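Residue numbers (this note's numbering), protein chains in the order written: chain A, 1 to 245; chain B, 1 to 282.
If you're looking for bench data, these hints aren't it; they were derived computationally from the structure. Computed from a predicted model, the values in this text were never measured in an experiment. All C-beta atoms in this analysis are idealised placements derived from N, C-alpha and C, irrespective of residue type, glycine included. Incorrect hints may appear among the rest.
One-sided and incomplete, this derived list gives chain A residues near chain B with beta-carbon spacing under 8 Å [what the hints assert, rightly or not]:
{"#": "1", "residue": "76"}
{"#": "2", "residue": "101"}
{"#": "3", "residue": "214"}
{"#": "4", "residue": "216"}
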Amino acid sequence: MLQTTHVRKVFGPSVVLDDLSLDVGEHEVVALIGASGSGKSTLLRCINLLTEIDDGVIRLDGQDITDPRADADRVRQKIGLVFQSYNLFPHMTVLQNITLAPLRVHRKAHAEAHEQAMQWLSRVGLADKAGSYPDRLSGGQQQRVAIVRALVNSPRLLLLDEVTSALDPELVGEVLTMIRDLKGDGMTMVLATHEMGFARQVADRVAFLDAGRVLEQGPPEQVLGDPVEARTRQFLARIIEAGRL
Amino acid sequence: MSTGTYHPSEIQLGRAAYRQRQTVRSVLIAAFSTLVVGVAIYFGITGSPGWDRVRTSFFSWSVAKASFVPVLEGLWLNIRMLVVCAALALVLGLFIAVLRTLRGPVFFPVRALATAYTYGFRGVPLIIVIYLFAFGVPGLRLQGTPNVYVLGGAALVVTYGAYLAEVFRAGIESVHPSQLAAARSLGLTYRQTMRHVVLPQAIRRVAPPLLNDTVALQKDVGLVSLAGPVDAVRAAQITTAEHFNYTPYIVAAVLFVLLALPLIAVTDAVTLRAARRQNAGA
């Protein structure tokens with residue numbers, strides 16, 4: 001469904017993505033792991049067209065979305081992106097945050113957008129927060145709202161950029177549970193994460209990024225349990241040392 | 001969370017009593033020093049050799065009464081011009097600020113013009129702009145040249161529009177790029193992102209400085225009298241000439257302060273609210 005081929009991205013003198021290729025199939029969940037600066041976040045921003053690539057091609061359902069003639073706004077409607085720091089709109093209530101795109105982008109009727117938003121909020125246990133402003137919510141609640149905000153667009157693909165990295169440890173669970181539920185729904189997801197345990201549980205495939213390339217990919221048990229590459233082993237050893245696996 | 005039967009400890013009661021004594025002491029010291037300063041100022045002014053002359057030529061009750069109505073009538077012009085000019089200047093400022101944020105080579109001339117405008121009109125003294133508009137434009141002898149009120153008002157609007165544009169721009173730039181990324185990732189266009197995400201946050205943030213500039217505009221409205229219209233300052237000048245007495249200026253000054261007070265109070269309230277919201281959390 002998603003094909004990134006030979007993607008290159010440079011910021012000044014530093015090559016962030018270097019001839020990177022990665023395919024994602026329908027209903028597949030791919031976890032991107034790798035050290036900070038290995039290009040995980042940049043790759044997600046490139047797929048969402050927030051960042052322009054410097055070479056290569058990204059295709060979604062066969063369409064070249066990196067063609068400058070492609071309608072970037074139309075493409076982004078099909079790709080949801082959830083950020084590490086939630087990025088909810090602070091001047092809008094939870095409900096307004098969620099219904100903004102359905103109302104303005106998809107031109108849905110008020111009642112319909114409302115109902116859909118409330119259904120999602122009930123499902124994630126936040127119906128009573130619909131009228132609250134984001135600063136009244138815990139980090140875990142804010143991140144769940146941010147995920148719902150992306151989901152009401154009915155995206156073909158959901159990108160999750162270290163969505164638990166800014167959360168207190170006791171709040172990580174509620175967000176991970178939600179992502180696990182989404183996998184149950186068959187949502188196609190690419191998630192950049194530092195939660196190796198979670199990647200092992202939820203991902204169909206784990207891709208280890210190093211210096212802007214996919215150095216190694218495969219089933220989680222293989223990549224996380226018995227990696228082929230020396231760099232992957234080194235990375236996992238450091239993670240284990242830090243007590244994160 | 002806490003049980004209903006809470007009694008403050010001895011040590012807490014002691015702290016409260018100490019703070020209470022400190023408060024009383026501070027109030028007494030403040031009252032005493034205010035009195036001393038007030039008395040010093042009073043005797044300093046009334047004891048000065050020229051006080052009697054100043055009192056009769058600046059604080060004459062009869063002249064104040066005589067000048068009150070004409071000055072007030074002039075002030076009515078100030079108020080009307082203030083309301084219209086402030087509204088137009090805010091709209092113009094917002095418009096220019098948004099133009100300056102447009103990206104892409106197509107908009108280069110628009111950006112350049114908007115930038116040149118804010119640089120130019122923040123640099124030129126308001127008095128010169130008023131003269132150019134009120135005397136220069138009619139000099140062109142074009143059909144349908146508006147009257148001096150409109151021309152003077154236009155001078156105020158373009159000058160203040162330039163200042164307000166920069167305030168708005170500061171607000172727009174203070175909205176974190178991650179907010180734009182979030183909006184664009186939802187499929188919103190650049191315009192929708194500006195309209196629904198960036199501008200609402202930007203305007204909230206710069207409301208206090210915008211109101212502050214409106215207070216400043218309130219005073220500068222009086223400069224339009226240089227081109228002829230009889231506003232409060234001009235009315236005071238006329239009555240001063242009639243009575244050979246400066247009291248009308250004092251009357252005008254007092255009225256201007258009274259006019260500014262509500263606006264200043266609103267500005268303070270808005271600033272306070274903004275500060276509270278900021279402290280409440282992200």
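Now the hints, each set against the structure:
1. 76: 5 Å, holds
2. 101: With Cβ-Cβ at 4 Å, under 8 Å, it holds.
3. 214: 23 Å, violated
4. 216: This hint is violated: residue 216 (chain A) lies away from chain B, its Cβ roughly 29 Å from the closest one there, beyond 8 Å.
Checked against the numbered hints given earlier, the structure breaks hints 3 and 4 and satisfies all the rest.
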